[in-house]
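**Student:** One letter stands for each residue in the lines below.
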Amino acid sequence: MKKIEAIIKPFVLDAVKDALAEIGIMGMTVSEVKGFGRQRGHREVYRGAEYQVDFVPKVKVDVVVQDTMVEPVVTVIQDRARTGQIGDGKIFVLTVEEAIRIRTGDTGNDAV
Amino acid sequence: MKTMGITLMVTILTGLSTVWAGGDTTSHESNMEAIALVQTHADYIWTLIAAALVFFMQAGFAMVEAGFTRAKNAINIMMKNLMDFSIGSLAFWAVGFGLMFGVSAGGWIGTSGFFLGNFIPDGDPWVLAFWMFQVVFAATASTIVSGAMAERTRFSAYLIYTVIISGFIYPVFGSWAWGGLYKGGGWLEGLGFIDFAGSTVVHSVGGWAALAGTIVLGPRLGKYGKDGTVRPILGHNLPLAALGVFILWLGWFGFNPGSTTAANKDIALIFVNTNLAAAAGAVLAMFTSWFKFGKPEVGMSLNGALAGLVSITSPCATVSPLSSVIIGAVAGVLVVFSVIFFDHVRIDDPVGAISVHGVNGAWGTLAAGLFNAGGTSVSIIGVQLLGIITCFLWTFGTSYILFRLIHLLIGLRVSPDEEADGLDHAEHGGMAYPDFATSSYAQQ
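Line by line, the protein sequences give chains Z and B. First residue of the first sequence? That's 10 in my numbering, and the numbers climb one at a time after it. First residue of the second sequence? That's -6 in my numbering, and the numbers climb one at a time after it.
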């Protein structure tokens, strides 16, 4: 099993979610995060004093899937989340040791 | 025959109406008394409606202060605002009103009317209406300070300060300028000092007390860098701050016109002057911020509206509408530069209270002399300046001593850990927004 972590722009979340549903991914966890990559931030002013805003709001999508689904999921996310502008985000693939469905006790591939 | 019949009719009708009116030689006087009573009732109604409007400014101050400060201190701001009105009311009832409006000792301090002693049950209740109007003014002066001292002041220290400013510092100066409105008579008003609704009496008193407090307190942690950089600490809810300003603007329609304490046509000019100055202040502050920083900035624009309102408070009854626009416009520009100045000298004022109320209270008082509709003169301007300066010396002096004393006895400021944690947790054991994940966005 693998976990796919995708950090994407907030406004593409719906498109990514719908596209994942089309390839059979029916569950995910989404969190609101902030970060920056090479794009960095911008300068703003508050009551006459300037400050640098480096952190940009992003959304992180976590999906845990069977190994065979990794490539389709990554392709879909990349396709739907890409705008071509700086700040599109990143995708990470991690190995998952175990997965358990709390309600039924299912484990492994049955739980994702 | 016909003439006799008509004469008889008229006689009968006159007789009937005389009987009905209860005697014909006194009906003119009793009519005049009845008319005067209607006017008196109208005076009561207007004064008390205005008092209610000024009371509502407490909500305005609370929202402005909450909006311009961090979420972790929102409960503390609410508590400070709730208490400076409540404690202030009690202190002004017990002591303050008497010091301000009691029979004056040489024009320096009132000496009667404590605990509303002038009110006798079944006696003339005007003192009650007048007290109600004056207590909300006293509370305005004291609540100005909570914004400047926000986010790092020990709550218990603030409570002590509130008693002293509402009970002593504010009323004593007030007795010099306004005592004659009731049973007193101050030395300053005797010289012809113009301060119709309190640019100096209320707003500068609050502003200079705030200055003293911020100096003794010191800036918030992280606000100023060692190399002189200013690191903004962002307000957590600018819509709340804007709501607060609108509420204050509304309340000012009680603050200024209500100071006639009489229902008459004078209030129309005062309403118009108040509104024009606020509008001019907001617009000029906005353009000033646009010019200086590249974009129209909301914090400065909001402060501009308030600065306009503070500046017109003294001259509102004695200047023309055109003058009000000019006075408010100058206030709008002045407040922007004042905010920048205080940051430059490392006096941390989260809401701009010193700039809005202290600096523009002084400007408004001076403007009352400069733009006086009846004509200005060196002596008129001189008396205005005298009032401005004595207010600063009295208020800043007594407040500075008070804050130093409080600091010595119980400590004025919270510890660095408490400040980082947030006063909501440290002082009140609560969270203002338990259902929201709050974190500070652009600073530590």
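Just so you know, not all the hints are guaranteed correct.
[Unchecked claim] Mimicking BS3-like on lysine-lysine, the simulated pairs with C-alpha atoms at most 27 Å apart in a straight line are:
id	chain 1	residue 1	chain 2	residue 2
1	Z	43	B	-5
2	B	258	Z	43
3	Z	43	Z	26
4	B	288	Z	18
Since the hints were made in silico from the structure, they are not lab data. No experiment lies behind these values; they were computed from the predicted model shown.
**Student:** Look at each hint and say if it fits the structure.
**Tutor:** Here's how the hints hold up against the structure:
1. For the hint pairing residue 43(Z) with residue -5(B), the CA-to-CA distance comes to about 102 Å; that exceeds 27 Å, so the pair is violated.
2. As the CA atoms of residue 258(B) and residue 43(Z) are separated by approximately 58 Å, the hinted pair breaks the 27 Å bound.
3. Taken as a hint, the residue 43(Z) and residue 26(Z) pair is honoured in the structure, with Cα atoms around 20 Å apart against an allowance of 27 Å.
4. A distance of roughly 26 Å separates the Cα atoms of residue 288(B) and residue 18(Z); the hinted pair therefore holds under the 27 Å criterion.
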